[in-house]
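Protein chains in written order, with the working numbering: chain A, 1 to 273; chain B, 1001 to 1379; chain C, 2001 to 2379; chain D, 3001 to 3305; chain E, 4001 to 4414.
Among the clues, some could well be false.
[To be verified] Quick list of in silico lysine-lysine cross-link-like pairs, BS3-like style, CA-CA up to 30 Å:
hint	chain 1	residue 1	chain 2	residue 2
1	B	1112	B	1133
2	A	159	C	2133
3	C	2109	C	2133
4	C	2109	D	3110
5	D	3112	C	2079
6	B	1112	B	1079
7	B	1133	A	189
8	B	1133	B	1109
9	C	2118	C	2133
10	C	2079	D	3110
11	D	3112	A	189
12	A	189	D	3110
13	B	1118	A	159
14	B	1079	B	1109
15	B	1079	A	159
16	C	2079	C	2109
17	A	189	B	1109
18	B	1079	A	189
19	D	3080	B	1133
20	B	1079	B	1118
21	A	159	A	189
22	A	159	B	1109
23	A	159	D	3080
24	B	1133	A	159
[Stated by the list, open to error] Derived coverage of chain D by chain A (criterion: at least 3 residues anywhere in the stretch with Cβ under 8 Å from a Cβ of chain A; other residues may be distant):
hint	region
25	3029-3043
26	3072-3081
27	3124-3137
28	3178-3184
29	3225-3231
By construction, these hints were calculated from the structure, which means they are not laboratory data.
Note that this is a predicted model, so its numbers are computed, not measured.
For each residue, glycine too, the CB sits at the ideal point set by N, CA and C.
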Amino acid sequence: MTTATSPFARGLETVGAWLLGLLWLFPLVYALWASVHHRDAATRLDLTAPLTFDNFVTVWNGAPFDRYYLNTILLVCGILAGQLVLGTLAAYAFARFDFAGKNIAFALVLVQLMITPDILISENYSTMARLELVDTIPAIGLPYIASAFGIFLLRQTFKSMPIELDEAAEIEGCSRLGRLWRVYVPLAKPTLVAYGLVSVSTHWNNFLWPLVITNSVEARPLTVGLSIYNGTESGIDWTLMSAATVIVVAPLLVAFLLFQRQFVQSFMRAGIR
Amino acid sequence: MSDVELRAVVKTFPDPGAGETTVLHGIDIRAGSGQFVVLLGPSGCGKSTSLRIVAGLESATSGDVLIEGVRVNEVPAAKRHIAMVFQNYALYPHLTVLENIVFGLRVRKVPKAEREAKARDAAERVGLEAYLKRRPSQLSGGQRQRTALARALVSDAKVVLMDEPLSNLDARLRHQMRVELRELQRSLGLTVLYVTHDQVEAMTMADHVVVMRDGNVAQAASPVDLYTDPADAGVAAFIGSPPMNLLPGRLDEAGLRLAGDGAGLPIPTAVATHGLADGRLTVGVRPESLALTDDAAAPLAGTVRLSEILGAETLLTVDLAPGEQVVARLPGIVRVADGAHVRLAVAHDDVRYFDHTSGRRLAGADDDPAPLERTGNAR
Amino acid sequence: MSDVELRAVVKTFPDPGAGETTVLHGIDIRAGSGQFVVLLGPSGCGKSTSLRIVAGLESATSGDVLIEGVRVNEVPAAKRHIAMVFQNYALYPHLTVLENIVFGLRVRKVPKAEREAKARDAAERVGLEAYLKRRPSQLSGGQRQRTALARALVSDAKVVLMDEPLSNLDARLRHQMRVELRELQRSLGLTVLYVTHDQVEAMTMADHVVVMRDGNVAQAASPVDLYTDPADAGVAAFIGSPPMNLLPGRLDEAGLRLAGDGAGLPIPTAVATHGLADGRLTVGVRPESLALTDDAAAPLAGTVRLSEILGAETLLTVDLAPGEQVVARLPGIVRVADGAHVRLAVAHDDVRYFDHTSGRRLAGADDDPAPLERTGNAR
Amino acid sequence: MAQVIDVVAEATHGVPRRERTARARDTAFAWALLAPAFLVLVAFTHYPVISSVLASTEERGGDRGFANYERMINDPVFWKVVVNNIWFALGTVPTSMALAILMAVWVNGKLKGRGFVRLAYFTPTILPMVAVASIWLFFYSPGIGPIDQLLTWVGLPTRNWLGDPSTAMPALMVMMIWKLAGFFMIFYLAGLQSLSPELEEASTLEGASRWYHFRRVTFPLLAPTTLFVFVVAVTDAFKIIDHLFIMTSGGPNNATNLLLYYIYDTAFTFFDPGYAGALTLALVVILGVVAVVQFGVLERRVHYR
Amino acid sequence: LSACSGGGEDGGGGDGPVDLTMYYPIAVGGPLQEVVDDLVAQCETELGDVSVEAVYAGSYADTMTKAQTASRSGDGPDLAVLLTTDLYTLTDNDLILPLDELDDDLSWTEEQFFPGFLAGGQAEGQLWSLPFQRSTIVQYYNKELFEQAGLDPEAPPTTWEELATTAAALQEAGVAEYGIEIPSTQFGNWMLQAMAIQSGVEDTAGVDGMVEYLGDDGTIEAMDWWLDLTESGVMPSGTTEWASTPEDFLQGRTAMMWHTTGNLTNVRTNASFEFGVSMLPANTEPGSPTGGGNLYVFDTGDDARQQAAYEFSRCLTEPERAAQWSMDSGYVATGPAAWETDTMATYAEEFPQATVARDQLEVAQGETTSHENQRVAQAINDAIAAVLTGSGDADSVFTGLQEEIDQILAPYAQ
Ligand SMILES: Nc1ncnc2c1ncn2[C@@H]1O[C@H](COP(=O)(O)OP(=O)(O)OP(=O)(O)O)[C@@H](O)[C@H]1O
Ligand SMILES: Nc1ncnc2c1ncn2[C@@H]1O[C@H](COP(=O)(O)OP(=O)(O)OP(=O)(O)O)[C@@H](O)[C@H]1O
Ligand SMILES: [Mg+2]
Ligand SMILES: [Mg+2]
């Protein structure tokens, strides 16, 4: 698209965007930097300091990270799958149907947005204990699979979709669920991918509830491994903490790079005029 | 058996500010099984809304929708087995042309081979074979419209609704599609409700034309009847391209006086007997009933305001008096200078008379037997 | 001064699968200042793309875009001062009709009173006064199109691009808009590039018509020249509604033989001298040049396949031989039974001759002076 | 919430019979769609909230009463954290939303190195909050932190950012803006994808500048996303407390303490579930009121399609 | 009190092994999980019929949260390592058992543990926990910087005046940005308690779960001194972060710091310079509070398990293992016997800094422990921050603080 902006203003914007980007990236860059330096160099920002991978070795040996990866991947996939299914169904109801109790129901969903599950861990622990799920991966995920955040987000997305496409599919004999699956979901792909990334990031990094509800290595996620290096009585060792952080987030960075194209695919209204 | 009927259907929309606006005031439309019914009417008169009510996309505020004689008001659109070409296409932007076309077939679980075959056939009919892999955003306007058309063609529905399905196609393609559609409709026995603004489509394709106006049915008849026997001045003025000229006329001793300095027309017997209180009426003359003449006794005379050469014919807009114009449609290319003074002959039989206030056709005029009709080579 | 020119413009799109697809193959289009230029051509031939390149919404892969003689390839759209009616309207869904219309005026900080006045005037021209407060989603198709039109009308741009701006309007409104637009264009001295599929619009509005085909300019000429002197069979077949009949012909001793059992035509002098190797050529006959006759020596004869009564005229499709049809356009309502055997007279002067392989107009044929043209009341 | 009453009223009168049956069908279907989500919501949100609020009426000794609420009204720390939270929301929400939109517009356009910049903006979302807090703790370290090093370099006096009540809160706000802007950017970016490019073309032709187009077309059309982000941003301003555990623990002297952190402390550090329940109810009420206001004012103005 | 009667059964009894769960935090950096697992395995073998699942439960706070949450669901741990200061919180919530109920004769504890550590487990005339990972506050100093500043690296300051002058001297010499850092966040109350002890305040550990020393003149004097240090510039102004103080010390930004002995291993492995550890300086007398965590046996209502848990915790705290844990973690070995083991003796020789904490125990008081302990600690921390950041003078803030604490503790007053 050609726009009214002059090349100069364009350039200025590019510079601005990049500067902001570097600023935003700085903490991660710092983490990367600290993770490959000795402890005494890490906080001195001495650019000539020698590199080392000892931190990674130390951290990797400090916890069964391989198992934690597996658990975390199972966990976030499970949560995401649940959230997408439950969220899509619920959002569809809110976005496209007019039904008795709609606003009450929506308000009840929003309550979850306002309460972080962290303060409900006591009650939720009891529930899990009653379900005999303590110390299992499903127990970590269950409280999160109905996400008000996701329902609200998808409701907004579905509501902005051209009703014409829904109508066209209805005429062609598509059932209500069929339309959800064949029209709404594919059209919401940018949002779904964005949501997926955010959800995965969130649960990948969630700590307190997984810590409380699990006891064994077989069920625990990565962040428990990371936690050993975070703010302890003896102070923070930024190099180990950074190395642990890098180990934890590296897959997320890769996932982001892989998926980012998916939410920049514009073809929204081309079929309608 | 797949006849469709709207009975006394009223449709009201909420309107910002105005509270509500009623766009259909109790219309009755019927399309018999296997019939091709065209809805015609000015922009905004409720054509699309009527189709959408038949399809079940909009619910009638009151009145009944019947398909095969059964009231279907409560049946959801997905269960009505109707195909539709939307005025705004409504193509799925995330699917290719092929996928768009087979969408309904996939929904109905038609086996893959079969649906591909059907889709290819339909694509060929509309000339899109080369574009099957494209997304709608990569198509031209006409190609999008044809995709929408093909999508309706592959469905097995016996009732097909089409909302200006050819409006963005060129004349040649449109001619071709017209023939194609009509043949398909006949061979499959489809019941078609078809909205168009194209007079030619209306006249050539329809078994039956429903002329709508302001949310009412103004007249429903066969195309020829509509042309020759318009129920009122409004319908008369709407049919034909360019439409019928409507001129104010006055009966006096000498005859029927029209605007301008022409000689006027002889009083038609039917009208004379009709007893018009003040002697005023509206006279309808089709452009093609007018011809240039040198006869000083010609009923109409005026100065040429505009001459438009269409190739096969020429349209002459003639100012009769201030604010009074007639359009004459003359065969071939006719060059007349703007501002020239011309006289126009009127084919008497082709004139229609209407009440000057209500616009109703004057009853007596019906006496003349099918007056526009003739046989043979007139030219 | 606001002439617009495309010079040797090539446009290539990336195409899924195929790598790239070239939709414009180096076209030259020129619209002089104050000219009304119509782009005509089959669906998908590149008309909208050409307009978008002029507007700056699409950049030319190669070639130049000139406005007022200055190359503007690099000038962003916003600085080109061009108004456009988009084929798919591109209305702002969140703004009312009024807000849509005044959008550009607000951009330009036109004082509120002035822009309201302008908008109301434009809305009145297109008959939308009653809908100013509505959102696009609450409008009918035609009303949306008119909103898009009004939006272009209020702009002060001297160059206006219109992409099938009347395609969804009824005949009456379309006629009215045609006159309106033309007047506006003349009085403001606008340079208009206008895409249409409507022959009448093309013929009546254009100072100049550019016929496009497959991303090339097939012919550019005044409307009448185009009609009377088509450069090749393709253009001939595209102009006119229904278009010119193209029939295979053979020269033999007796004369020019056409398909079917008709008597054929006398050999036109021009063609005879042209020296056709195998004696084969393509003969173009406009539907309105055909008339029913009883003369046994009529050049064409066949059985009626379809008769379409349009009211003012009747279209007769006649099978001459298997696979060979002609369409005749007869004035008035003509009732002929399907399957009847008819003979058709041909107005000799109106016949055009084309090379049977290349489709080129045979040079000699140009000798005949403006043959379709006549004066007076032919009927 | 408020609209509920309308709905109930609307459901019972003024609707033609046939529309009522269609509505009944919709109702059944919609609730079937909602059922799985509600099962989980009720089990893991509503039930625990109710039981913790019930616990708030239990007093030491086993009686029921409102002592915890009385105590809340008289608790200066409670009022302090509420006020803190309001400032925190005011300081973070508008800025992070504005930045998010700016970022989204930037990385949606034809920027050079778009993919990289996009990743840069998104990193705060990827990084675990505890790690982020540790890193920012370092950034803010008086003297050795990069911020102070920069200040020293340009000759400005350094500060004890987190140790000084007047700078601790703004310092945390900056970090939160950093954290949230990139997060919201993703949703704006997805929202931008649903806008028809033709609209930008149309307004460009009319001579609209990018800013004008943004203001008059893009932003209004992004309203559904904005409503979402706004509600989430406000609740997040009340909800995100992970950083406090590592950075300030709410100090110095409650200068950075937030309501939820106080609730958490009360429940799990002070072992006072009753009072925590009362505070929880206060949180839900505050956010609920804010949400009702947001919806009441905005939902009506949001143009969905 | 739901504790059931008599813990008569010996050694877990019953048939088959008893399955126990133990929660433990890791409060000092590094991979200590393996060490814990090793200790646990040793005791499993030794006791024979118990099997213990040792669950890492995050920080002390996380562990407390987890223990509390799980116990409420009847799914709690059998034993856990928790802060000694959480004692009253645990008893007030009926989560733990007094060891007297499990063992009629607890005299062995007096032999095995330093009395200063043992005191942290005593309340209401009963013993509730066994010392496990214990610490005190010590003074770390950078010998190299001392030398550079022309000070005697073997003569760290032993009084407040000396501290102030040494710090100022270090700073003036330009060898470090700050002379001393005493962290005031997170464990600020602990630091303050140390200063109060040094100013001669008694019963800072609290009496029967009540805290009464905050309004004392000595406490206010301590606070004033602390404020002086920050204001004189030998220490950063405002509050000083607990978590980043060790880093400042390791970076040479500060020449001295007060910090937990739990940090010893960390400093030892990461300091690129010679450092010394000394007892905290005295105002009127030397002194420091103890800190760290003890092993608690939880009230699970199952006699066999409770008994087994007790046996197990006893095993874990045996001198050999206490010595090993001390060397691996940096915590102070909990009793004389542990110090006398061969390995520990060698270690102390190699690394004499480790013995300072032990020696300091003689003048140590227990860490402040009260009902509503965290709330009280929070209140103290807030008051410290208020003074340090200049929002009130020590006198009025601490008088107010004592009133506030009295109010918090009023329900527990007998
Ligand atoms: N983004 C695109 N990618 C690939 N091909 C495209 C794209 N846009 C248009 N085309 C192709 O370019 C050709 C010309 O398109 P254009 O829209 O200019 O046609 P048009 O002449 O306006 O047709 P119509 O009358 O149907 O609107 C078409 O064949 C179309 O399929
Ligand atoms: N959602 C709506 N709210 C209010 N009025 C509406 C709504 N939809 C349509 N209308 C109005 O109803 C009338 C009929 O609309 P409809 O689309 O049926 O017209 P149409 O006959 O198809 O016209 P066109 O030929 O222009 O497509 C129009 O005047 C239109 O403005
Ligand atoms: Mg319509
Ligand atoms: Mg086009």
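Hints and how they fare:
1. Pair hint residue 1112 (chain B) plus residue 1133 (chain B) holds up; C-alpha atoms about 16 Å apart against a cutoff of 30 Å.
2. Between residue 159 (chain A) and residue 2133 (chain C) the CA atoms are separated by roughly 23 Å; this keeps the pair inside 30 Å, and the hint holds.
3. In summary, the hint linking residue 2109 (chain C) to residue 2133 (chain C) is supported, as the alpha carbons are separated by about 21 Å, within the 30 Å threshold.
4. Restraint check: the Cα-Cα separation between residue 2109 (chain C) and residue 3110 (chain D) comes to about 28 Å, which is no more than 30 Å; the hinted pair holds.
5. Taken as a hint, the residue 3112 (chain D) and residue 2079 (chain C) pair is honoured in the structure, with Cα atoms around 23 Å apart against an allowance of 30 Å.
6. Under the criterion of a C-alpha separation no larger than 30 Å, the hint pairing residue 1112 (chain B) with residue 1079 (chain B) is consistent with the structure, at around 22 Å.
7. With a C-alpha separation of about 20 Å, the suggested pairing of residue 1133 (chain B) with residue 189 (chain A) holds against the 30 Å cut-off.
8. Among the hinted pairs, residue 1133 (chain B) with residue 1109 (chain B) is consistent with the structure: their alpha-carbon atoms are about 21 Å apart, no more than 30 Å.
9. With a CA separation close to 16 Å, the supplied pair residue 2118 (chain C) and residue 2133 (chain C) stays within the 30 Å bound.
10. Taking the CA atoms of residue 2079 (chain C) and residue 3110 (chain D), the gap is near 19 Å; set against the 30 Å cutoff, the hint holds.
11. For the hint pairing residue 3112 (chain D) with residue 189 (chain A), the CA-to-CA distance comes to about 25 Å; that is within 30 Å, so the pair holds.
12. Simply put, residue 189 (chain A) and residue 3110 (chain D) have alpha-carbon atoms about 21 Å apart, close enough for the 30 Å limit, and the pair holds.
13. Using a Cα cut-off of 30 Å, the hinted pair residue 1118 (chain B) and residue 159 (chain A) is violated, with the two alpha carbons roughly 34 Å apart.
14. Restraint check for residue 1079 (chain B) and residue 1109 (chain B): the C-alpha separation of about 15 Å stays at or below 30 Å, so the hint holds.
15. Between residue 1079 (chain B) and residue 159 (chain A) the alpha-carbon distance is near 24 Å, which keeps this suggested pair within the 30 Å criterion.
16. For the proposed pair residue 2079 (chain C) and residue 2109 (chain C), the alpha carbon gap of about 16 Å is at most 30 Å, so the pair holds.
17. Of the supplied pair hints, the one linking residue 189 (chain A) and residue 1109 (chain B) holds, its CA atoms being roughly 24 Å apart against a limit of 30 Å.
18. This hinted pair checks out: residue 1079 (chain B) and residue 189 (chain A) have alpha carbons roughly 28 Å apart, not beyond 30 Å.
19. For the hint pairing residue 3080 (chain D) with residue 1133 (chain B), the CA-to-CA distance comes to about 63 Å; that exceeds 30 Å, so the pair is violated.
20. Among the hinted pairs, residue 1079 (chain B) with residue 1118 (chain B) is consistent with the structure: their alpha-carbon atoms are about 22 Å apart, no more than 30 Å.
21. Only pairs whose Cα atoms come within 30 Å are accepted, and residue 159 (chain A) paired with residue 189 (chain A) is accepted, the gap being roughly 14 Å.
22. Proximity of residue 159 (chain A) to residue 1109 (chain B) is assessed by CA-CA distance (about 28 Å); at most 30 Å being required, the pair is judged to hold.
23. For the hint linking residue 159 (chain A) to residue 3080 (chain D), the alpha-carbon distance of about 39 Å lies beyond 30 Å, and the restraint is violated.
24. About 29 Å separates the Cα atoms of residue 1133 (chain B) and residue 159 (chain A), which keeps this hinted pair within 30 Å; it holds.
25. Check result for the region 3029-3043 of chain D against chain A: holds, 12 residues qualifying (beta carbon to beta carbon below 8 Å, three or more required).
26. Proximity of the region 3072-3081 of chain D to chain A, defined as three or more residues with a beta carbon under 8 Å from a beta carbon of that chain, is not established by the 0 residues found.
27. Under the rule that three or more residues need a Cβ within less than 8 Å of chain A, the assignment of the region 3124-3137 of chain D holds, with 14 such residues.
28. Beta-carbon proximity to chain A at under 8 Å applies to 4 residues in the region 3178-3184 of chain D; the threshold of 3 is reached and the given coverage holds.
29. Figure legend: the region 3225-3231 of chain D, annotated as covered by chain A; annotation consistent (4 residues with Cβ-Cβ distances under 8 Å, at least 3 required).
Going down the numbered hints, you'll see the structure goes against 13, 19, 23, 26, while the others check out.
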